[in-house]
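Keeping their order, the protein sequence lines are chains A and G.
Read in order, the letters of the first sequence correspond to residues 1 to 646 in my numbering.
Read in order, the letters of the second sequence correspond to residues 1001 to 1119 in my numbering.
No lab work stands behind these hints: they were computed from the structure.
The beta-carbon is built from N, C-alpha and C at its ideal position, and this holds for glycine as well.
There may be inaccurate statements among the hints.
[Stated by the list, open to error] Derived BS3-like pairs (lysine-lysine); straight-line CA-CA distance at most 27 Å:
(1) G/Lys1093 <-> G/Lys1103
(2) A/Lys239 <-> A/Lys270
(3) G/Lys1035 <-> A/Lys619
(4) G/Lys1110 <-> A/Lys619
(5) A/Lys239 <-> A/Lys134
(6) A/Lys198 <-> A/Lys106
[Unchecked claim] From the derived model, a few chain G residues whose C-beta atoms are all more than 10 Å from chain A:
(7) Pro1027
(8) Asp1030
(9) Val1031
(10) Ala1040
(11) Gln1045
(12) Gly1053
(13) Leu1066
(14) Phe1071
(15) Gln1074
(16) Pro1083
(17) Asp1092
(18) Lys1093
(19) Lys1110
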Amino acid sequence: MAKRKSGAGVGRRGFLKGAALAGAAAAASPISAQALTQAPAKPRSVVPMPVLAAEVGSPKEDAIVQTSGGSDFMVDVIKSLGIEYLAANPGTSFRALHESVINYGKNEKPEFITCTHEELSVGVAHGYAKAEGKPILVCAHGTVGLQHASMALYNAWCDRVPIYMMIGNSLDATSRGASAVWAHSVQDAVAMVRDFTKWDDTPHSLQHFAESAIRAYKIATTPPFSPAILTLDTDLQEKPIPEGSQLAIPKLPATTPPVGDPAALADAAKMLVEAENPLIIADRTGNSPAGVRDLVALAETLQCPVIDAGSRMNFPTRHPLNHTDRRRGLVTQADVILGLECQDFYNVINSYHDHIEPYSTPSTKKSAKIITLTAGDLYSKSNYQDFMRFQTADLAIAADGEATLPYLTEAVKRLVNGEQKPVFEARGKKLAAQREQLLVAARNEATWGWDASPISTARLCAELWALLESEDYCLSSTAGNFISAWPQRLWDMKNHYNYLGSSGGFGIGYCAPSAVGAALANKKHGRFTVSINPDGDMMYGPGILWTAAHHRVPILYVMHNNRAYAQEIMGIQRMANRHQRGIDRNTIGTSIDDPNISYAKVAEGMGVYGEGPITDPAKLGPALQRAVAIVKQGHPALVDVVTQPR
Amino acid sequence: MMNPRSLALAAAIAVSPILAHAQSAAPSGDVAHGKRLFAADGCYQCHGRAAQGARPTGPRLARTELPYNAFVQQLRQPSDVMPPYTRVVLSDKDIADIYAYVKSLPEPPKVADIPLLQH
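Hey, can you work out the whole structure from these sequences and the hints?
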C-alpha cells in the first residue's frame, strides 16, 4: 500500500496507480512455482471512484492558536443576564465555555463553583434560586452529566424553581476524537429529561445561541418556574467566530406573570367575604418579600386563618392568623377554602388511608366551596405524575398565585362594608387568642423527651433558635416534615427566606447542596444560612462539603442524624405488620449504622469544621455556639447531632 | 354528661368485639420487657424513642392518657395511619408490658423551667 507522505495528500487514483505499479514490479521479480502454473490474472477493470475532496486536497494549515472563540461570545451573553455563579463538575464537552468563563470572563459573574457531582450542581442552583429569586447557570456533559443531574432537575421541576442549564455535546462526528467524546455524544441530549423541562434548544450558530439563551432564561423565570436547557455543540463553542459575524445580544424582556381574570377574582372575593369560616391554604406563594406581604394583606383584610402548607415560608409563623397547627380542624369546619399554589391540594383537604385497599375520604364539609389559584393550571406535563391527584373546585383560577394576590385583596376590599367589619374583627380576635394557645401547646409538647438521648428534634430546634433569634437567618432545608415542623412551631419566621421549603420531588439528596446554593445567595445580604440536614440526604453527595470549604461558603450544617432512612423503616414496618411477620426486622436495609458514620470526620476530611457526634443534649448548645462562630468568620461548619427519628 | 374520654371508650366498646375480650383495667406489666418491645417492634419509629411523639407520625405515648382498652384497640385495629399489631405478632401480655412501660416514663420538665422555650 502506498504510504501517505507527510504533508501531502494521496488521492485514490494515485493509490490505485501505485498499486498497479507495485503489481507490475512484483510480476518482474521471482515468483512461486504455484504462480507459474496459473494463468496470468486478467487485469480487473477499474471502476472510477468518486473523488473525495478530503483525499485529494492538501490539508489546511493546522492552526494551533486562535484569537477568538464562540464560547467567548457565549460568556458575553451569559454576563448580559447578570448571572452570579456557574455550578458545574468540569467536562470536556464544555471545556471551551469553562475556559472562557474563567479567562475571558475573569471568573466573575459568573464565578465557577466546582461541584463533585452534577446532581450537586443542580441542587446548588435549586437552593440559590429560592433564596435569591433568580437562577444561576449550571453546566454539565450532555450525556453522563445530565444523567447525574436528572434527579435534581426533577426535584426543581416539581418544586417549580427555575434552573438555567447549558450542556455540552459534540454534534459533528468528524470532530469527535477520543472514545470518551463519542460516549459523551448524543443526537438529542435533552430527550431523557424533556418530561421535566419547560424548554430546550440546540443552537446552530452563535446568533442562534444568543437568542435562545435569552429565551431560555425568560421562559425558566416566567411562572410556573421550571428548568430550561441549552445544548451547546462543542464546535460552536470552540471554533473561532466566523469572519464578518454580526452578533447581537437581545435584551432580556421583563415578562409580566399571568394574573387572575378580574371576573373570577370578583367571584372568589364574594365567596370569601360571605363565608362564615373562610380558610386560606398557601403552599408556594412565598417566593419573594412581596409574596409574604401580600398574603398577609389578604388574610388580614378577611381576618381569615391561614394554613402554611410548607413548600415555602408563605406566612409569618407567629402571626395571629397563622393556624397551621390547627389544620385538620379548620379544614373540616371551613365553608370556603382558597388553595394558593398548592402542590398537593387534594391531600391537604382529603385524608388518605394507607390500607391494603387504600382509599381517601374528604376532610371538608360537603357544602364547602373550593377555590384554587395556581399557575399549575396553565402548564403541566403528563408522564411524571407530580401534578398529584385531581381535586375538583368550584372556581379554578389559572394564574400565578403570588402575582394575583394584590388583585384578589383589592377585590375583597371592594366588597367589605360596614356590616362585615365587626364580624371580621370578632373573628380575628378569636383567632388571635387561639393562636397564642398554639404556641403554648407547642412549647408544652416540646418538653417531652427534652433531656432524651438521642436528642429530641424539639430540643435541637430550640437550641438552634436561641442562636438564630438575633440573626438575619435562612433555614435552607429540613427535608419537609422530617423534623416535625419544630422550626415553624417554635421559631419566629417573618421573611420568605427564613425557610426555603424542601425538594419538591421528594428526591433525597436535595438538602445538602441546596444549602450551599442558598448560602451563596445569602452571604452578600449578610444572612446566616443553616441546614438541618438528614443523614441519609448528606450521604447522597457528601462532596458538597468540599465545595463549601473550597469556595469558603458560610453555611452551618446541623445534622439530623437519626441513623436511618426513617421514612423507609416505617414503610417496611407497615408491610411487616400487614403480613403479620418480622415486625422486629425493619432495620434490615433501612438503618445507617454499624458502623455509625461520623459526619464530623466526614466534614473534616472535606475541609469543613466538624464536631460530634453529640448525643448528650446538654452538650448541644455549646457545640452549636462554636460552630456558629466559625460560620460567622465566613467558613462552613458541621455539627453531628444524633437525634430521635422525627 | 360523660366526659369526652369516657365517651370515646364507650363508643369503642360498643363497636369492637375485640374489647369484649380485653380487660377493662390495665393488667400489671413488665416495664423492662415493655421497653425492649417498644424498641424492637418499631413503636419508637413513629412515637419516638422516649415515646414523646412526633407531629407527622404518631402522638405522644409517654404517660399516655389513653385507657388501657383504648390502647389495645388502637394497636389491634388502629385508626389513622398506624399499622395494625395483631395477636399473631404481639400478644395481649406484650401489649400490657408496653403499656406499663409508657405509663412508667417520667414527667417532663415544666416549660417555665426551660429558658430555651421562652424565646
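The hints, checked one at a time:
With a C-alpha separation of about 15 Å, the suggested pairing of G/Lys1093 with G/Lys1103 holds against the 27 Å cut-off. Using a Cα cut-off of 27 Å, the hinted pair A/Lys239 and A/Lys270 is violated, with the two alpha carbons roughly 62 Å apart. About 26 Å separates the Cα atoms of G/Lys1035 and A/Lys619, which keeps this hinted pair within 27 Å; it holds. A distance of roughly 20 Å separates the Cα atoms of G/Lys1110 and A/Lys619; the hinted pair therefore holds under the 27 Å criterion.
A distance of roughly 31 Å separates the Cα atoms of A/Lys239 and A/Lys134; the hinted pair therefore is violated under the 27 Å criterion. For the hint linking A/Lys198 to A/Lys106, the alpha-carbon distance of about 31 Å lies beyond 27 Å, and the restraint is violated. For G/Pro1027, the condition that its CB be more than 10 Å from all CB atoms of chain A holds, with the nearest at approximately 22 Å. With a closest Cβ-Cβ approach of about 17 Å to chain A, G/Asp1030 is found to remain outside the 10 Å limit, as its non-interface label requires.
For G/Val1031, the condition that its CB be more than 10 Å from all CB atoms of chain A holds, with the nearest at approximately 17 Å. Separation of G/Ala1040 from chain A is inadequate, the least Cβ-Cβ distance of about 4 Å not exceeding the 10 Å criterion. A cut-off of 10 Å between C-beta atoms contradicts the statement that G/Gln1045 is not in contact with chain A; the least separation is 5 Å. Under the 10 Å C-beta cut-off, the non-interface status given to G/Gly1053 relative to chain A is violated; the minimum distance is some 7 Å.
Even its closest Cβ contact with chain A, about 15 Å, leaves G/Leu1066 beyond 10 Å, as expected for a residue assigned away from the interface. Listed as outside the interface, G/Phe1071 is consistent with that label: its C-beta sits roughly 16 Å from the nearest C-beta of chain A, beyond the 10 Å cut-off. The non-interface label for G/Gln1074 is consistent with chain A: the shortest C-beta to C-beta separation is roughly 13 Å, beyond 10 Å. Listed as a non-interface residue, G/Pro1083 fails to keep its Cβ farther than 10 Å from every Cβ of chain A; the least gap is roughly 4 Å.
With 10 Å as the threshold on Cβ separation, the claim that G/Asp1092 sits away from chain A holds: the shortest Cβ distance comes to roughly 15 Å. Consistency note on G/Lys1093: stated as away from chain A, and its beta-carbon is indeed over 10 Å from all of that chain's, at 16 Å minimum. Its beta-carbon lying about 7 Å from the closest one in chain A, G/Lys1110 breaks the requirement of being farther than 10 Å from that chain.
Violation of the numbered hints given earlier is confined to hints 2, 5, 6, 10, 11, 12, 16, 19; the remaining hints are satisfied by the structure.
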